[in-house]
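So the sequence lines, in the order shown, correspond to chains A and B. Reminder that position 70 of the first sequence reads as 70 in our numbering, one-by-one numbering, no gaps. Reminder that position 253 of the second sequence reads as 253 in our numbering, one-by-one numbering, no gaps.
It should be emphasised that the hints constitute simulated quantities derived from the structure, not laboratory data. Check before you lean on any hint, since a few could be wrong.
Note: identical chains are not told apart, hence a pair may lie in one copy or across any two.
Claimed, not checked - DSBU-like, lysine-lysine: derived pairs with alpha carbons at most 35 angstroms apart: (1) K194 to K2; (2) K217 to K2; (3) K2 to K193; (4) K194 to K145; (5) K217 to K45; (6) K34 to K196; (7) K260 to K34; (8) K193 to K45.
Protein chains: 2
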Amino acid sequence: MKRTAFFISDGTGITAETLGQSLLAQFETITFNKLTRPYIDSVEKARAMVQQIDRAAEVDGVRPIIFDTIVNQEIRDVLATSNGFMIDIFSTFLSPLEQELTSHSSYSVGKSHSIGHNSNYMERIEAVNFALDNDDGARTHYYDKADLILVGVSRCGKTPTCLYMAMQYGIRAANYPLTEEDMERLQLPSALKKYKDKLFGLTIDPDRLTAIRNERKPNSRYASYAQCEFEVREVENLFRRENITYINSTHFSVEEISAKILVEKGVERRLK
Amino acid sequence: MKRTAFFISDGTGITAETLGQSLLAQFETITFNKLTRPYIDSVEKARAMVQQIDRAAEVDGVRPIIFDTIVNQEIRDVLATSNGFMIDIFSTFLSPLEQELTSHSSYSVGKSHSIGHNSNYMERIEAVNFALDNDDGARTHYYDKADLILVGVSRCGKTPTCLYMAMQYGIRAANYPLTEEDMERLQLPSALKKYKDKLFGLTIDPDRLTAIRNERKPNSRYASYAQCEFEVREVENLFRRENITYINSTHFSVEEISAKILVEKGVERRLK
């Protein structure tokens, strides 16, 4: 059975979407058609939403699930006329929080909750620039400014992980690809030795690595299973020899890898 | 008054953190010290958390707010012994959802909710690679494969926005910097003309642009207010002349800019 789920917000929809996704993930036997609808910030847009919801109810033969974080009461009232099962996230939690904090929320006084520009902006852009400038061993003379340096074979997931940590947490993460040369020398490149406490290793299953490398350079030696298997094995040996903590990225999402690295290294996020 | 808030999870903590952040943002008069604690997945770790929570309660002189998404009942029971005000996100919503969906959740049967590796992984990595390979006008012959092409002056926020859209939504976004030459020619570069329907403009306040460029090239003509003001004015004229939808990034977060672009262009996310 297919069922439609809407994540509806007067802002970006990120909160409704994140919470909705993880709640729906608990129902493994049901297939959801998930639709995010941000910036529903007027009665007119809400009326158009009601039509969409009711249409989905008709097509599916069952009412859609609605996760919403809309501040304006009038807009919520319009949505409530739809044939959907509403999970009103803010209403549920803000009332107990107001009691506990003995304070009125912007929500209950009808103010919007835009995050907008804040002090985090520059910090985050700086972190993204740091990740880009220090990607793939491009330069190593700013490693003193790095919070972390990811190491691993080419295409094991270092770049997306560094970018995610920069974007989400404001962490300055460089990354350095370990090459065959480094493996044959049986030691860390000298640029990294000084910063051993900042190093974190990523590894990956050879078949996955072969698949990823083949996307880039089909049928090359670089992408062959034998080469991938060799590199991964040697790098894991190097990690163990040098006592570098590492994780295998194969079965984790970028979010999971990033969260695990921060816990392991005890690095606190810079964005608040 | 300062008050501590914990976002506690047996997974990445992203759901607890996202929801907690947006709920706390509704209380503008209170300063929160926010701490995310992912991978609290054993009774031992939960006991250590209880100590941290109780210590914060003592220091603050008021009990901390706890947002949690922990699946295991035993671990939640340990946390509940702390001197914190618990907002148990899953417990609150899963019971009504189970009723509506007439289905048991993994939560209620005690299974963990790891997202893990899924079909999204390659899609996302591809999108990040696309953003990196097609960053800053580096190449233009893959624009047929782009979902979107962001245009604007140098350092107006194109790269972080493209990377965010890639990471979060799997959108393939290229970006192209408009230079003085393009402005003086009073027209779009020929590489872009063919793809006018994919273009979206970013603009920025000249003082913010000056500040950002000064970080990169201090005291250069490039970073001068006069130059920034000129470029922004000319690019906005170009956008209007060519009928390119654009937004001013100055007062929005990367999340907000990205969500607005998707709505404006009617592009659906590729990650589900």
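Taking the hints in turn, this is what the structure says about them:
1. K194 to K2: neither (55 angstroms within a copy, 39 angstroms between copies)
2. K217 to K2: neither (39 angstroms within a copy, 54 angstroms between copies)
3. K2 to K193: neither (54 angstroms within a copy, 41 angstroms between copies)
4. K194 to K145: Close inside one copy (13 angstroms), not across copies (43 angstroms); limit 35 angstroms.
5. K217 to K45: neither (47 angstroms within a copy, 44 angstroms between copies)
6. K34 to K196: between (44 angstroms within a copy, 29 angstroms between copies)
7. K260 to K34: both (28 angstroms within a copy, 19 angstroms between copies)
8. K193 to K45: between (58 angstroms within a copy, 33 angstroms between copies)
Hints 1, 2, 3, 5 from the list above are not met by this structure, while the remaining hints are.
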